Amino acid sequence: MKGFTGKLVGSLYPITDEECEKVHKAAVRVLEQGGMRCDDPRAAKMFEKAGCKLEDDGKLVKIPEKVVMDALKKCPGSFTIFGRDAEGNNDIRIGDGEVHFATVTGRYLRDIRTGERRQATRADAVEGTLMGDALENVHGLYKAVMWLYDEPKICNSQMLVGEMMKYTDKSTTWVYNTGAEYELPDLIKLWQIAAGGEEALKSKPHVLGHVIANPPRVIDVNYTDWLIGFCDAGLPITVYSALMGGATGPATLAGMLVQAIVETLALMVQTQSYKPGHPLCFCSFNPAMDMRTGLWQFGNPEYGTVGAGISAMAKYYGVPCTGFTINDSCDTDEQAAYESALKNYTYALSGISLMWDIGGMAGFNYVDWAHMCIENEVAGFIGHYLKGIRIDEERLSVDEILKVGPLPGSYLREAHTKKWYREEFFMPKLSNRDFFESWERGHTDLLEKGKQQAIKILDSHESPVPSDVQKQIDEYLDHVKKRDVGEADKPPKR
Amino acid sequence: MDQEYFDKLAQAVVDGEADIAVQLVNDGLGKGVDPIDAIEKGLARGIMKVGEDFGTGEVFLPELIMAADVMKKTTSILDEKIKASGTTRTTLGKIVMGTVKGDIHDIGKSVVASVLQANGYDVEDIGIDVAVEGFIESVKQNAADVLGMSTLLTLPLEVMGEVIATMKEAGLRDKVKVIVGGCPVTQEIGADAVGFDAADAVKKVGKLLGHS
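From first to last, the protein sequence lines are chains B and F.
Taking my numbering, I'd label the letters of the first sequence as residues 98 to 591.
Taking my numbering, I'd label the letters of the second sequence as residues 237 to 448.
Bear in mind the hints are in silico, worked out from the structure with no lab data behind them.
Because the structure is a prediction, the values reported are computed rather than measured.
Backbone N, C-alpha and C fix where the C-beta goes; we use that ideal spot for every residue, glycine too.
Just so you know, not all the hints are guaranteed correct.
Unchecked claim - Subject to a maximum C-alpha distance of 20 Å in a straight line, what follows is the list of computed DMTMM-like cross-link-like pairs (lysine to aspartate or glutamate):
| hint | chain 1 | residue 1 | chain 2 | residue 2 |
| --- | --- | --- | --- | --- |
| 1 | B | K516 | F | D251 |
| 2 | B | K526 | F | D433 |
| 3 | B | K515 | F | E288 |
| 4 | F | K277 | F | E294 |
| 5 | F | K285 | F | E316 |
| 6 | B | K526 | F | D289 |
| 7 | B | K515 | F | E316 |
| 8 | B | K516 | F | D305 |
| 9 | B | K286 | B | D329 |
| 10 | B | K516 | F | E253 |
| 11 | B | K159 | B | E184 |
| 12 | B | K546 | F | E253 |
| 13 | B | K516 | F | D255 |
| 14 | B | K515 | F | E360 |
| 15 | B | K104 | B | D556 |
| 16 | F | K439 | F | E316 |
To be verified - Stretches of chain B that chain F covers, calculated by requiring three or more beta carbons in the stretch to come under 8 Å of a beta carbon on chain F:
| hint | region |
| --- | --- |
| 17 | 179-190 |
| 18 | 528-539 |
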């Protein structure tokens, strides 16, 4: 989907260009002197091929600046994550000055009908996918839920991805879940079925893969599997550190940024060595530790600031950037709203191309679809802010101002007003704009409005995916179920 | 005249195209269209559609006001013809509306007038800075069912009270319902109802006249 654009995209970074240079030099010192521990011999070979020095029987890789710079030259400055609609309306351009919003996930789900926070099921994955598919400011989807508690572990990811492919034609994102033997090949197969075949997936990849380092400074075996899998299937990837400041990363923002860049650059070198020119982007996922509870925290200012810093470094290197921006609030309350709004706006101002946030609560604890509808509206607010003030002859309105005033003239009756107000003014769907006395005499509160919107979507929104594609996916899931647990698959009825 | 003609009239209201609508009305009258048909089968359908779309949030104030302006321009031509022919047309009710003396804020009152019109009422908007006598005169002249008064300011609230008192003296108060509105108007001050916004005004007028 066409993202939000405007003169404010990429207008605000927490570090200057000169400071980017300093962060780069610091990261290079770490990469050259300390390097990365490399737990996978295949990964070590990729680094060696790129020109890195291997030490400690190939388990430690030191990465010279020249190797980093050579690899960066191979990264495309922008790329597309395709939608699966015939018209291309759901395509997302990454790195072209557009800002996109996507859903995010959670271990649990707050039931939209009962209000209870509970374990999610496969039927919830269907509904969560339909929610993301329907909302106009949701440009792509993360996992509808993190885990299907009514499906076995061995094929949990397959059932989740299968249902998502059946109920949306927007692009999706994947980070590995179970580590089960067939997880990776099955998911690639499902994405190929959804795309219309192996070559169709390569020419129009509709999934962004996640490849993550293990902080501090480890290249992991599982993620090397996925890096190879994503690259071979032709899927663009986002590479990042998942450090936690004060625990698996330093306790200064600059230090968090340096280590995040160290690990990100290492994964970038690994990818470009394995498959030169492969589309990739940076990503921010860098909570600090709450020093009272020891929990990760996403809603605090340092999270958004370091994320925007990673975006600044991505711009410095000419690579696109994505990011996670979930809130920490345990309830769909004011805290959830201000954390999401402030952080998403900070990310958008720093030009992050795609952010996973919509609908997520309490630091990935649960997903709430009423909150998803409210955040869909917040995304609209941000999209409108990003436009800034557009200056051109017609918008300057000099002829109009001369024509209407002085009083008693009014602009309300003017064709100029009718022509422009919808584009220039934001028209919220859920936010309250009532006269106080009307509101006082009876109103629906914001959360209830979000809930009503969600229920309306679930009652009426239909999957855009053709039934023959749904059938092929069902057949493949049935094959998986029979192979893994020896019984026929029973997908939830819709 | 065929259905296509009435559809065009309705569409001209929806589009807020006053020139087109006036042209259509004059053409129609020239070809013998019944002026009551032109309103009921054409223009009224247009303004009702705009009213519905406004209610569901598909169109907003500029479209509504412009559609109401088209209604005003066209019905003034047609009403003259109707009057000349000695017949009358029926509406949900006749409403006289204005902004009271000491206040020139026009927009809120115009919005409410437009929404009422879009909901089937015949509204006579007598403008801004209207003195007590102006309201009384117009209520009598139009045989109004409802009088609506508006102000954005605090001081002109007194004028509303004076109008209501004068209506009592003139024996009008029992025959005419009074609704008031505007930012400082938070209680009825002797009126029958307060409209807190346009939609609320429609609801309250409907109740006062026994339509709902």
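Holds or violated: are the alpha carbons of K546(B) and E253(F) at most 20 Å from each other? Given pair K546(B), E253(F) is violated - Cα atoms ~35 Å apart, limit 20 Å.
Tell me if the straight-line CA distance from K159(B) to E184(B) falls inside 20 Å. Violated: K159(B) and E184(B) sit about 46 Å apart, past 20 Å.
Do the alpha carbons of K516(B) and D251(F) lie within 20 Å of each other, as the hint requires? 12 Å, holds
With the threshold set at 20 Å, check whether the alpha-carbon distance from K515(B) to E360(F) stays at or below it. Violated - the C-alpha atoms of E360(F) and K515(B) are around 24 Å apart, more than 20 Å.
Take a quick look at whether K516(B) and E253(F) sit within 20 Å of each other, Cα to Cα. Holds, because 13 Å separates the two Cα atoms, which is no more than 20 Å.
Tell me if the straight-line CA distance from K516(B) to D255(F) falls inside 20 Å. 18 Å, holds
Distance restraint between K515(B) and E316(F), which requires alpha-carbon spacing of 20 Å or less: 30 Å, violated
Taking 20 Å as the top limit, are the C-alpha atoms of K526(B) and D289(F) close enough? 15 Å, holds
With the threshold set at 20 Å, check whether the alpha-carbon distance from K516(B) to D305(F) stays at or below it. 17 Å, holds
Do three or more residues from the region 179-190 of chain B put their C-beta atoms closer than 8 Å to C-beta atoms of chain F? violated (count 0)
Mind taking a look at whether chain F covers the region 528-539 of chain B? Criterion is 3 or more residues with CB to CB distance under 8 Å. Held - the region 528-539 of chain B has 5 residues with a Cβ nearer than 8 Å to chain F, which meets the minimum of three.
Is the straight-line distance between the alpha-carbon of K439(F) and that of E316(F) 20 Å or less? At roughly 30 Å apart (the allowed maximum being 20 Å), E316(F) and K439(F) break the hint.
Hint violations for this structure: numbers 4, 5, 7, 11, 12, 14, 15, 16, 17, all remaining hints satisfied.
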